[in-house]
Every structure is written in structure tokens, then in C-alpha cells.
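Asks: We have chain W already, so just place chain C on it with the hints.
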Amino acid sequence: MNASDETETARRSAHEAFARSERWRWTEALPWIAAVGAFFVFPDYMALGTQILIAILFALSLDLILGYAGIITLGHAAYFGAGAYATGMLSAHLGWGEPISAMLFGGAVAAAFGFVSGWILLRYHGLTLLMLTLATAILLMETANVLEAWTGGFDGLVGISIWPLLGTFEYDLWGHTYYWYALTVLFLCFLVCRRIVHSPFGRSLVGIKNNTARMHAIGTPVHRRLVTIYTISAGMAGIAGGLFAESNAFVTLDVLSFARSGAVLIMLVVGGVGRLYGAFVGTAVFLILEDELAKLSPEFWEFGIGLLLVLVVLFFRGGLLGAADALTRRLFPGKRP
Amino acid sequence: MTTPVADNAPVLETRTLSKRFGALHVTRDVDLSLSRGARHALIGPNGAGKTTLVNLITGVVRPDGGSILLNGRDITGLSREDRVKRGMARTFQINQLFRDLTVLENVALSVAERTGAARRLWRPASVDSAVIDEAVDILLTLDLAGDAQTPIRELPYGRQRLAEIAITLGQRPSVLLLDEPAAGVPSAESHIILDVIAALDDDIAILIIEHDMDIVFRFAKTITVLVSGGVLVEGPPEDIARDEKVRAVYLGEDTDV
Chain W
230 MNASDETETA
240 RRSAHEAFAR
250 SERWRWTEAL
260 PWIAAVGAFF
270 VFPDYMALGT
280 QILIAILFAL
290 SLDLILGYAG
300 IITLGHAAYF
310 GAGAYATGML
320 SAHLGWGEPI
330 SAMLFGGAVA
340 AAFGFVSGWI
350 LLRYHGLTLL
360 MLTLATAILL
370 METANVLEAW
380 TGGFDGLVGI
390 SIWPLLGTFE
400 YDLWGHTYYW
410 YALTVLFLCF
420 LVCRRIVHSP
430 FGRSLVGIKN
440 NTARMHAIGT
450 PVHRRLVTIY
460 TISAGMAGIA
470 GGLFAESNAF
480 VTLDVLSFAR
490 SGAVLIMLVV
500 GGVGRLYGAF
510 VGTAVFLILE
520 DELAKLSPEF
530 WEFGIGLLLV
540 LVVLFFRGGL
550 LGAADALTRR
560 LFPGKRP
Chain C
21 MTTPVADNAP
31 VLETRTLSKR
41 FGALHVTRDV
51 DLSLSRGARH
61 ALIGPNGAGK
71 TTLVNLITGV
81 VRPDGGSILL
91 NGRDITGLSR
101 EDRVKRGMAR
111 TFQINQLFRD
121 LTVLENVALS
131 VAERTGAARR
141 LWRPASVDSA
151 VIDEAVDILL
161 TLDLAGDAQT
171 PIRELPYGRQ
181 RLAEIAITLG
191 QRPSVLLLDE
201 PAAGVPSAES
211 HIILDVIAAL
221 DDDIAILIIE
231 HDMDIVFRFA
241 KTITVLVSGG
251 VLVEGPPEDI
261 ARDEKVRAVY
271 LGEDTDV
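Protein chains in written order, with the numbering used here: chain W, 230 to 566; chain C, 21 to 277.
Be careful, since some hints might not be right.
Said to hold, decoys possible - Some chain W residues judged to face chain C by a derived CB distance under 10 Å, without partners named:
1) S242
2) A243
3) L333
4) A337
5) A364
6) I425
7) S428
8) N440
9) R443
10) A446
11) V451
Hints were generated in silico from the structure; no laboratory data involved. Here the structure is a predicted model, which is why all the values come from computation and not from measurement. Glycine included, every Cβ here is placed at the ideal spot set by N, Cα and C.
So that you can see chain W by itself, here it is in the shape it has in the complex:
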């Protein structure tokens, strides 16, 4: 084999490797089939289903920064809550209830807040960053508490009135309309996430997560990259918050709470970080388990969630999807998961 043949072969297999990592796999259809199937199998559970879809979108937005860029945060609810309040206040105070634009408005407000806070926060790392993200969410919650005239304070924001979707589909008692609405929004946001993580930009985020010092040494504007993905993630969390406000027609301080920031982190870790679909699996498992355990034992349901988290962290470092990958590799050795 001569030199140029060798070059040709090496190049071809390199291109193939890049293309392979971006290719759609049949397993990727499963969560969407499940989501559509759930509508027909459990039509009475669509209110819960809608909340699950919203939580998945929120967890997905966290995966962009945590799973890909390695930004650890305990304050992601700040952006979910900012979106929820922005959407809610648009309707309650300004009387604009068109659902799609109101949701996008929530996303835009959260993204703007994400850009400003991220610009400052992302100069820090590790424990300092963790505490600052936590503090940001607490500050925002206290602000919302104080600005009672606008937010309703502790009593919550009332008077949200959302118009029919696309001017046609009314909000129904079973939550069917909102289930399809949330599923569509989730799917579109997922396509955006998938596009980003497979782009050169997305790959550079993984580089930052792997070794920030080396990224500096190859000329990466690390801070700018992190602020960019943080803004996108905050915007997506805000869209989730906007959907939440619209589907409940009510917003309380709870949307900004530490409990919400913590729960989304747990959902993502349980499902598997840095693989997009971890958000789907973790969130569904978490919320369905929560629902079932609460029926079983209204006082101790959190015990079951805690136990699940301990087991996953101790035994499946890659979350439930990581465990599934390991199992696939054992059953079909040599096959790529």
C-alpha cells in the first residue's frame, strides 16, 4: 500500500467515524413512540404526562450545560422560574395570552437573564460556582417574593388566562391539548439540542469539560463558549417554565425553589448525564415513581427516590442509560451501543 492510499484509507475511516457519531439510531425513536403511545394507553393521565414532558425539557436544558460543558449548577430553577413568571405576568398583567408567543417570551426573558448571570457566574469554577448558582436562584426567589404587586409574592401569581392554541384548540380538562403542545415543543427543542451537541461548537464544549486548561492552550475563548451554551440552556429552561405556567395557569415561588433545582439534577443523574436521552429516562422514572410512591405511602415517598439515587450513583455511574449500555455491551460484545 503506498503513501497516498494510506492517507486515503485513514481519511475515509476518520470521516466515517465522525458521520457515525451523528447518525440517527433506531433506539432514538423509542422515547417518542412511548410518548405518543402513552396518549392512547393512559388517556386519563395526560395531566401528569404533560408535567413529565415539561420536566424532561427542563432536564434536557440542564444536560446541555452539565452533561456537555461540565457546568455544575444547583440553581437551574432560576431560569425555569424566570420563564414561568415572564409568561404568567405577560398574561396576568398585560393581558396577552397567546400561548406560543407567551412561551417564547418566557424563553427570551430567561435567556437574557442567563446571559447576564452566566457572564458573571462562569468566571468561577467548582464549589464557588456551585454556591453562586445556588445563591442566584435564592436571590431571584426573594426578589419574586418581595415584588408582590407583580408576582403575587407568597400567594402566587393568579389571573393567568391563556387563549386557545393556534386560535382553535381550547384547554381541556384532561390536558390532551397541552400534552400534544408540550410534546411538539419538546421535540423541536430536542432537535436543536441534538444539532448543537454534534456541531464543532458542541464538541468544543466536551473539550472544555474534559480539560479546560488545554482548551485555553489551543486558543479557545472558553468563557465565551460557556456563556453561549449557558444562555441557550437558560432559554430552553425558560420555555419549559413558560409551558409550566400555561398548563397550570398559576405560578408560585415554588418554580424558583432549591427543591426544583435539586430535583432536575437528580432526574438527570438518574437517567444519565451527557447523552440527551438521559433527561427522558431519568425524568420519567423519577416522576412516575414519585406518583406511585406517594399513593403507596404519602409520608415516605421521598425515601424511595433517595434510595434510587443512592443505587444509581453507587452502581451505575452513567445513570440508567449508562447501565443499559453496559448491559448491551455484555450481551452483544463487539457491538457499539
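Replies: The following block gives chain C in isolation, referenced to the frame of chain W:
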């Protein structure tokens, strides 16, 4: 991004560069000059301030006095990234690699940063054929192509050291700082690293910081000896080997000069 300079003009220059950490004067008025294609070694006993000097030149720490010029331009106030963009690349004494990524992806990250492709977030990475091709070509020249699809963490240490160099080549540097490139590699394998360094493009000015005197004397055309943060002596290898002051400094150390 090499800017054209006259053949004998310095590509990298430091002028009376100084740095103190509290009472400790770690860099004392260091003048260093590398012209195009230089093969320059920086040696000195432990604690002489070699790593600090590299950190000053690359912009990891800021000097208290003096200036640094790259291709004739003062870069003393520039960030790490801006120095890299102007043609300065470095390797690390302890591997700084993207351990979860394959060898190919490691180098492609570097190439994509140089070409600006890494800014793009709305198209698949596989579309950037030129980036992938260039990464593959670098791997071929370093004999790493066989490991292209191997994640870095699964690679033997000596091969990881080669990947360190491969990443810098993705920057197409005009100045390359090699911080103990053979550190941690068994001496039986260090010749592989040295062969790779010897085969690097003649246009690149190389500053090598090294403890292994075999490597230094095989590689360097100029040697600077650093002691207590200042330049003790500079000259061609033959002169350094004979220098009484250098012998005195290394006396009691295991290194055979």
C-alpha cells in the same frame, strides 16, 4: 497564522522579563531570543524557574516587569488565547489531553479552533472535511493514525505524549514550547519522541524544556541555563558542556552534563 518575518528576525523574544511570588524572585531579567527554525533548549536545576518562564511566555501568569514579543509584536498584555491565535503553541509536562475523546477527536478539536470552525453550532462536525483531513494528516506524520479511533485514556503513556505534540501541530504554530516532552516515558522509548521532534517542520521555532541531557544535546543548537530565575549562561551545546559555572551548578545533581 504565521506572519512573514525576515529570516534572522526573532520570532519569540523576552526582554528583561521578571516575576516575583511574594519575596521569591522566580524570574530575574530574562532575555531570550528565538529566530525562525530555532532549536533552543532551556535547562536548569529544579526550582530554577523554568516552568514559570513557560507560564509567563504563554500568558498563564502575568510578569511584573519586562516584555514578550511574538513575531515582532508586543504580546505581554495579551490573553493565552490571543497568543495562541498569533502562532504560539505549547505542550505540557503532565499530559493535558481530552481523555474521553479519541486521538482523532483530540487533534480535530485543535484544528477546528485554529480554522474557526469550532465557533459554529448549527452544522454537523462531519461537514468540516478539511478539519478532519488535516487532523488525519497530522496523525499520519506522527505515526498515530493506527490509534485514531482509540480514546486517549486507553492509550499507553508514550503514545499519549505523542498526542500532546499532535494537538499543538493542529495550531500550525510559528513557536512551539515543549515542556519536558519525554517526561514519564521509559528511556527505551524516549527516542521515539525525540525522532518526532527532530522531524518537525524546520520553520517552527522550538523551545524545549528538558531534564534529560541526552535529549538536550542531541536536539538543541542553543542552550540557555537558568539558575535561581536568571540566565546563568547561553551558548551552543559544546560551550555549555565545557562551562565551569554550569558544571558547578549541576554538581551534586544526578544529571550528567
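Asks: Could you run down the list of hints and mark each one as holding or not?
Replies: Here is how each hint holds up against the structure:
1. S242: At 7 Å from the nearest chain C Cβ, S242(W) passes the 10 Å test, so the hint holds.
2. A243: 5 Å, holds
3. L333: For L333(W), the interface hint is violated, since the closest Cβ of chain C sits about 19 Å away, which is over 10 Å.
4. A337: Violated: closest Cβ of chain C sits about 18 Å from A337(W), beyond 10 Å.
5. A364: 28 Å, violated
6. I425: 5 Å, holds
7. S428: Hint holds; S428(W) Cβ to chain C Cβ min 5 Å, cut 10 Å.
8. N440: 5 Å, holds
9. R443: 4 Å, holds
10. A446: 6 Å, holds
11. V451: Holds, because the Cβ-Cβ distance from V451(W) to chain C comes to roughly 8 Å (cut-off 10 Å).
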